[in-house]
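Q: Given these sequences and hints, build the entire structure.
Protein chains: 2
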Amino acid sequence: MAKELKQLTKRSENYSQWFNDLVTKADLAEQSAVRGCMVIKPYGYAIWEKMQHQLDVMFKETGAQNAYFPMLIPKSFFSREAEHVEGFAKECAVVTHYRLRTNEDKTGIEVDPAAKLEEELIIRPTSETIIWNTYKNWIQSYRDLPLMCNQWCNVMRWEMRTRPFLRTSEFLWQEGHTAHATKEEAEEEAKKMLHVYADFAEKWMAVPVVQGVKSETERFAGALNTYTIEAMMQDGKALQSGTSHFLGQNFAKAFDVTFLNKENKPEYVWATSWGVSTRLIGALIMTHSDDNGLVLPPKLAPIQVVIVPITKNAEQLQAISEKLAPVISQLRAAGISVKYDDADNKRPGFKFADYELKGVPVRLVMGGRDLEENTIEIMRRDTLEKETRSFDGIVEYVEQLLEDIQANIYKKALDFRNAHIYECDNYEEFKERIKDGGFFLCHWDGTAETEAKIKEETQATIRCVPFMFEQTPGVDMVSGKPATQRVLIARSY
Amino acid sequence: MAKELKQLTKRSENYSQWFNDLVTKADLAEQSAVRGCMVIKPYGYAIWEKMQHQLDVMFKETGAQNAYFPMLIPKSFFSREAEHVEGFAKECAVVTHYRLRTNEDKTGIEVDPAAKLEEELIIRPTSETIIWNTYKNWIQSYRDLPLMCNQWCNVMRWEMRTRPFLRTSEFLWQEGHTAHATKEEAEEEAKKMLHVYADFAEKWMAVPVVQGVKSETERFAGALNTYTIEAMMQDGKALQSGTSHFLGQNFAKAFDVTFLNKENKPEYVWATSWGVSTRLIGALIMTHSDDNGLVLPPKLAPIQVVIVPITKNAEQLQAISEKLAPVISQLRAAGISVKYDDADNKRPGFKFADYELKGVPVRLVMGGRDLEENTIEIMRRDTLEKETRSFDGIVEYVEQLLEDIQANIYKKALDFRNAHIYECDNYEEFKERIKDGGFFLCHWDGTAETEAKIKEETQATIRCVPFMFEQTPGVDMVSGKPATQRVLIARSY
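Listed in order, the protein sequences are those of chains A and B.
First residue of the first sequence: 1, per UniProt numbering; consecutive thereafter.
First residue of the second sequence: 1, per UniProt numbering; consecutive thereafter.
It should be emphasised that the hints constitute simulated quantities derived from the structure, not laboratory data.
Among the hints, erroneous ones may be present.
Computed far set for chain B versus chain A, every beta-carbon distance over 10 Å [unchecked claim]:
1. 98
2. 173
3. 219
4. 367
Okay, the calculated bits of chain B under chain A, using three or more residues with CB under 8 Å as the criterion [as the list claims (entries may be wrong)]:
5. 30 to 39
6. 101 to 109
7. 145 to 159
8. 266 to 275
9. 454 to 468
Beta carbons are placed, not taken as given, at the ideal position from N, Cα and C, and that holds for glycine.
A: Shown next, in the form of structure tokens:
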């Protein structure tokens with residue numbers, strides 16, 4: 001794919017444009033011919049595959065199993081849960097026909113009116129309805145519980161304003177759907193999965209997150225409680241990065257799913273659902289990357305180490321390749337993905353810029369002098385620091401360096417986040433300061449009115465009631481009414 | 001999931017019903033509320049995951065990369081390649097609207113007529129059109145070639161008669177789409193991927209296949225050549241299990257995808273596409289399974305070894321569990337998936353029948369006497385042979401046994417297939433014998449007329465011109481005209 005390495009827009013100039021540039025130039029994704037739908041290019045998809053792999057392991061450790069449910073949902077299923085349909089009806093793709101035909105003047109094809117469906121089908125925006133309709137047949141007794149299924153799939157929400165990874169009409173995600181005998185168990189499951197997401201975000205993506213519970217207004221349509229992880233982007237905005245819902249008995253009642261308890265009495269089943277999507281790639285990009293391109297956490301980087309030989313002639317190339325071969329083998333044996341780039345149709349400078357743009361965590365360069373002096377040049381992408389060191393022990397050095405980079409970018413993001421969380425008790429002050437971004441901890445009186453006023457006047461929303469801060473009662477900064485807790489308020493993607 | 005182990009229909013009584021019973025009772029899949037769409041249950045999905053994992057490794061070894069393209073395809077893209085639209089227009093799900101609204105009397109929801117799409121969107125039945133529209137931007141020069149992408153996704157073909165795994169309206173598959181500078185390279189790629197499929201079928205699924213090329217009538221819509229692997233089911237019918245297409249320059253021309261060759265002259269790109277689907281699970285079931293249930297090849301079995309203790313009391317259970325613990329660890333360390341089933345709410349007889357139904361390749365049973373005598377009972381699912389042997393060396397014994405079972409079921413299927421391949425030179429004889437199933441090698445004059453006549457009179461079709469048999473010229477058994485080769489004719493799924 002021929003491509004010029006053009007300058008990215010600088011973050012300080014236009015953060016939003018920088019993001020769009022980066023997504024395109026680093027070959028992560030591009031707009032498709034279909035409104036709001038993106039093509040995830042191989043390099044972007046490789047990051048998603050690494051995410052999927054690790055999340056899948058973590059889900060299975062909790063006892064969840066993968067399954068697959070139909071993509072199309074009968075319209076009538078949708079109406080069964082009142083809040084759910086309310087939440088999704090306005091943005092769903094509707095299948096009405098099942099055949100095309102050649103048009104009369106044979107210049108093209110058209111929908112065949114004779115092939116109209118009796119009942120319209122909706123492309124899943126999420127699968128609670130079709131899954132709970134299925135669970136009805138799978139659950140009879142308490143012995144069938146808990147039932148914990150996850151599916152990796154595509155979903156469709158007809159969004160009006162879309163941005164690659166952050167908000168697209170079609171996106172890839174996983175959705176877990178669990179059924180439990182008791183309220184307590186279901187609530188525990190919803191929280192457990194939130195912790196799994198937080199763990200993944202922090203240990204794998206190196207993205208620190210605030211865990212908390214959504215306000216009623218911001219809940220998932222049909223949930224009694226929505227738990228969330230909120231990450232801070234470099235512009236101080238929040239990105240909701242994963243949610244886990246306690247659904248109560250809403251879907252069990254809507255689809256009549258009961259079980260016989262130990263006393264042989266029928267009870268409605270308790271439910272949760274939880275999901276993360278390709279949006280996580282957006283979070284990854286906007287947390288770590290810089291004006292030179294992507295900065296990827298080593299644990300999720302498709303290429304962890306790139307090695308570039310710089311040589312004058314074929315003979316020297318052969319000597320360097322031979323010297324590097326055992327190092328490449330040893331790194332690969334240690335599970336590290338290595339690219340050895342000895343292509344001769346691109347200059348080293350071009351290669352360096354390209355791998356920086358792509359966020360490869362470690363770059364090794366060996367030239368003629370290195371060969372003579374038994375040295376190698378090593379650059380880390382996160383700090384762009386370069387050093388020339390002895391070739392001996394390079395494998396162990398690189399292994400350690402990858403760990404250091406993972407830890408360093410997490411610490412950097414955490415420091416940034418912590419430096420931009422503020423307590424604020426004055427609404428006028430808040431209105432000024434929110435313009436510069438950041439997370440604000442403010443007392444809230446718990447009413448939807450206050451919440452709506454803040455949103456209208458500042459475009460900021462209550463992201464969650466955070467778990468991580470000690471809660472003290474106080475006075476709502478907007479209404480002046482008593483408040484039991486501080487909530488996290490921010491502008492968001 | 002409470003479930004009674006009811007008798008399966010016997011294969012000899014009704015092969016088709018046996019298959020349907022088995023899919024349901026072994027918890028592989030079930031019909032959903034949506035016409036022609038199935039739910040793939042966790043046990044069935046676990047087989048698909050194992051298939052996916054291995055195929056993905058094999059694809060990547062050929063240099064293919066994964067990516068993701070939009071599920072919805074603009075109607076106009078469809079019409080660009082004339083044969084392609086002809087092949088798929090009659091069975092595609094069409095999205096016409098993007099919103100629902102509450103109906104007038106507020107009793108339900110309906111399609112919002114104001115939210116009609118300007119251009120209808122088709123749920124992909126296959127992705128050549130959207131992918132070649134994308135490739136146009138990715139390919140400029142011969143340096144961008146070959147381009148080899150694969151995607152794992154769902155597709156939709158509105159089939160009138162559906163059967164779980166074999167033919168469903170929505171199914172899961174992978175589709176590889178490659179672009180090449182020369183005709184020769186593209187043809188080689190199409191054949192290479194056919195060999196990958198054949199390798200996977202034979203070495204992993206233990207399903208012998210006939211590789212060959214389709215007749216013009218049976219080609220993929222838009223292809224110049226379709227290569228196929230055809231497997232023989234136990235009723236002697238053929239199951240097309242994977243196809244690889246040489247698309248020539250058809251899609252490049254339809255979407256105007258050219259590249260500058262080394263002489264800096266524009267040329268149209270050469271294409272292939274190749275796919276296998278959840279249909280492979282159908283092939284797996286119908287090749288190996290028996291009247292007691294599934295027989296799974298160890299390499300794809302979700303549970304490879306089940307261990308059941310039979311004990312009188314808690315003390316004995318503890319002693320047996322302690323004795324078995326190191327064996328379980330060692331088997332798992334060797335990469336073998338082991339289930340230790342000490343649940344006390346089901347009788348051993350029930351467990352045995354259930355694991356037979358589920359096709360677990362090896363079952364180990366240890367009771368009180370085994371504990372005393374340092375023995376263990378071992379049963380292999382493929383032959384149902386049972387023996388009691390020394391507990392010493394059981395890990396190595398099981399490892400070897402799993403390999404033996406894999407080899408044995410392949411040999412059994414191969415022997416069956418080979419015993420049911422016939423040369424036949426007399427059409428009257430053919431018409432009689434085809435009723436009992438089997439693969440027939442017959443001379444064919446190469447005309448669509450003869451092909452249609454055979455299909456109409458016998459419901460059998462030309463599966464392929466096979467590569468594996470030496471070709472000798474002869475006389476077409478139907479028309480009496482000269483024929484250059486024998487083709488493989490069979491009834492099929």
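Q: For each hint, tell me whether it holds in the structure or not.
A: Verification of the hints:
1. Under the 10 Å C-beta cut-off, the non-interface status given to residue 98/B relative to chain A is violated; the minimum distance is some 4 Å.
2. Non-interface status of residue 173/B relative to chain A is upheld: no Cβ of that chain comes within 10 Å, the nearest being about 12 Å off.
3. Listed as a non-interface residue, residue 219/B keeps its Cβ farther than 10 Å from every Cβ of chain A; the least gap is roughly 21 Å.
4. Residue 367/B, annotated as away from the interface, keeps every beta carbon of chain A farther than 10 Å; the closest lies near 25 Å.
5. Note: the segment 30 to 39 of chain B has 7 residues with beta-carbon separation from chain A under 8 Å; the three-residue rule is met and the coverage holds.
6. Coverage of the segment 101 to 109 of chain B by chain A holds. Counting CB-CB distances below 8 Å, 4 residues qualify, and the rule asks for three or more.
7. Requiring three or more residues with a Cβ within less than 8 Å of a Cβ of chain A, the coverage given for the segment 145 to 159 of chain B holds, as 6 such residues are present.
8. With a threshold of 8 Å between beta carbons, the proposed coverage of the segment 266 to 275 of chain B by chain A is violated, since 0 of its residues qualify and at least three are required.
9. Residue count for the segment 454 to 468 of chain B with a Cβ under 8 Å from a Cβ of chain A: 0. That is fewer than the three needed, and the coverage hint is violated.
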